[in-house]
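Taken in sequence, the protein lines are chains B and H. Position one of the first sequence corresponds to residue 12 (our numbering), numbered consecutively onward. Position one of the second sequence corresponds to residue 12 (our numbering), numbered consecutively onward.
Be aware that a few hints might be false.
Any copy, or any two copies together, can satisfy a pair, since identical chains are not distinguished.
Here are the simulated EDC-like pairs of lysine to aspartate or glutamate, each with C-alpha atoms no more than 20 Å apart in a straight line [to be verified]: (1) K124 to D51; (2) K168 to D130; (3) K159 to E114; (4) K103 to D130; (5) K166 to E48; (6) K166 to D50.
Everything labelled a hint here was simulated from the structure, so no lab data went into it.
2 protein chains.
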Amino acid sequence: MFSGAQISLYPMTGDFVGVIMSSFGALDPYRESLRIETDDISTLLVGPPEVLFPALRDLFTTASRTGVHCVLSAAISRGCPGEPDDAICQSKHFAGSMPPLAERQAFAIAAVKEAPETDVFSVAQFSLYVMGEHRHMDEIYGCVEFLKASGTFEKSKHFATKLSGNTGTLFATLEQAFCRFGPPEGHVTIDLTVSANSPSPR
Amino acid sequence: MFSGAQISLYPMTGDFVGVIMSSFGALDPYRESLRIETDDISTLLVGPPEVLFPALRDLFTTASRTGVHCVLSAAISRGCPGEPDDAICQSKHFAGSMPPLAERQAFAIAAVKEAPETDVFSVAQFSLYVMGEHRHMDEIYGCVEFLKASGTFEKSKHFATKLSGNTGTLFATLEQAFCRFGPPEGHVTIDLTVSANSPSPR
Numbered sequence: 012m013f014s015g016a017q018i019s020l021y022p023m024t025g026d027f028v029g030v031i032m033s034s035f036g037a038l039d040p041y042r043e044s045l046r047i048e049t050d051d052i053s054t055l056l057v058g059p060p061e062v063l064f065p066a067l068r069d070l071f072t073t074a075s076r077t078g079v080h081c082v083l084s085a086a087i088s089r090g091c092p093g094e095p096d097d098a099i100c101q102s103k104h105f106a107g108s109m110p111p112l113a114e115r116q117a118f119a120i121a122a123v124k125e126a127p128e129t130d131v132f133s134v135a136q137f138s139l140y141v142m143g144e145h146r147h148m149d150e151i152y153g154c155v156e157f158l159k160a161s162g163t164f165e166k167s168k169h170f171a172t173k174l175s176g177n178t179g180t181l182f183a184t185l186e187q188a189f190c191r192f193g194p195p196e197g198h199v200t201i202d203l204t205v206s207a208n209s210p211s212p213r
Numbered sequence: 012m013f014s015g016a017q018i019s020l021y022p023m024t025g026d027f028v029g030v031i032m033s034s035f036g037a038l039d040p041y042r043e044s045l046r047i048e049t050d051d052i053s054t055l056l057v058g059p060p061e062v063l064f065p066a067l068r069d070l071f072t073t074a075s076r077t078g079v080h081c082v083l084s085a086a087i088s089r090g091c092p093g094e095p096d097d098a099i100c101q102s103k104h105f106a107g108s109m110p111p112l113a114e115r116q117a118f119a120i121a122a123v124k125e126a127p128e129t130d131v132f133s134v135a136q137f138s139l140y141v142m143g144e145h146r147h148m149d150e151i152y153g154c155v156e157f158l159k160a161s162g163t164f165e166k167s168k169h170f171a172t173k174l175s176g177n178t179g180t181l182f183a184t185l186e187q188a189f190c191r192f193g194p195p196e197g198h199v200t201i202d203l204t205v206s207a208n209s210p211s212p213r
């Protein structure tokens with residue numbers, strides 16, 4: 012298994028470099044469990060979802076606390092057949108076979124309820140893609156059902172689902188969406204946008 | 012067929028609203044051929060790829076000419092089984108059956124060569140996802156081969172391919188990647204990031 016994300020943080024301020032540099036300190040507690048590489052367009056994080064999503068939560072929450080309008084954009088992936096196995100990606104999420112959809116939905120809802128909350132409100136928009144399956148929409152519809160029951164659902168949009176809530180609950184919801192839908196060994200990706208402090212009316 | 016994108020423009024300046032508002036004027040020539048709806052996290056563009064990609068090119072090129080570090084992020088989709096057919100999406104790209112891969116690659120390379128160039132340099136990173144196919148990686152590898160011959164290829168990264176070039180050639184390359192790989196009636200998506208004026212070294 013290989014899993015991780017290409018992520019970018021966009022603070023809408025002339026001091027975007029300062030906000031990015033100071034916020035990336037939030038990744039320090041995760042540096043032993045993630046491989047991190049940055050270039051001029053994104054930062055690669057390689058590691059299991061149970062490390063990746065809390066790391067993204069802390070990075071984005073820290074940036075948003077500046078009060079600046081910030082966006083986190085991420086291409087998150089697991090099980091791509093073109094990527095090598097990597098021991099750092101070993102995850103508790105993908106052991107064993109795939110339980111029935113209803114069981115996975117109930118597990119996901121319970122996990123979101125248990126997630127620690129934060130005091131930072133944000134909106135998220137994402138698309139879940141399940142590759143290599145003829146019936147890929149069943150898993151996607153199953154995920155949307157879970158999202159509607161998660162407490163973070165805001166609306167369905169063309170190509171995406173919009174969520175909102177505190178960043179603790181929100182990133183826990185995203186982790187469950189990514190891990191519980193699509194086969195454990197499958198090629199599953201998320202195209203994610205999270206936004207805070209936008210001046211636009213919701 | 013239903014096709015389009017959820018897009019967002021991120022100018023890294025305190026005057027991000029001003030840059031966004033003035034750049035969106037670049038979409039005016041396309042407003043009869045695209046359905047456009049904006050909320051607080053993204054703008055929906057519904058229409059065929061031959062309109063969508065030039066529209067994105069002009070929007071991003073206009074924003075980048077301000078000199079501000081700008082990023083365009085887009086979730087681009089065609090053929091999602093969950094979306095309704097829409098007459099505005101009718102495209103010249105998806106008529107008839109699917110020619111062999113080599114023929115499609117040659118067509119794509121020729122189309123990129125014919126594309127008008129611009130004077131704005133940018134880098135792009137994207138992932139192509141082909142759903143509903145057991146052999147989805149064949150199409151993805153075929154697309155990467157095309158990209159390597161397109162003149163815009165910079166490098167393969169985990170989860171994504173990085174391109175660079177003038178925005179004319181770049182968005183023509185992206186349009187070909189989106190239209191020529193995966194079945195004409197298939198569910199194909201792109202997770203796209205385009206960046207200009209970054210202070211980070213390449």
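Quick one: K103 to D130, C-alpha cut-off 20 Å, is that within a copy, between copies, both, or neither? neither (28 Å within a copy, 49 Å between copies)
One pair to classify: K124 and D51, alpha carbons no more than 20 Å apart. Within, between, both, or neither? neither (37 Å within a copy, 26 Å between copies)
What label fits K159 with E114 when the C-alpha limit is 20 Å: within, between, both, or neither? The answer is within: 16 Å in one copy meets 20 Å, while 44 Å across copies does not.
With identical chains, the pair K166 and D50 could be close in the same copy or across copies; at 20 Å between alpha carbons, which is it: within, between, both, or neither? Intra 34 Å, inter 12 Å, cutoff 20 Å: inter-copy only.
Treating 20 Å as the Cα threshold, decide for K166 and E48: within, between, both or neither. Classified as between: cross-chain Cα gap 15 Å, same-chain 34 Å, threshold 20 Å.
From the Cα coordinates, with 20 Å as the cut-off, is the pair K168 and D130 best called within, between, both, or neither? Intra 26 Å, inter 35 Å, cutoff 20 Å: neither.
Of the numbered hints stated above, those contradicted by the structure are hints 1, 2, 4, listed in ascending order.
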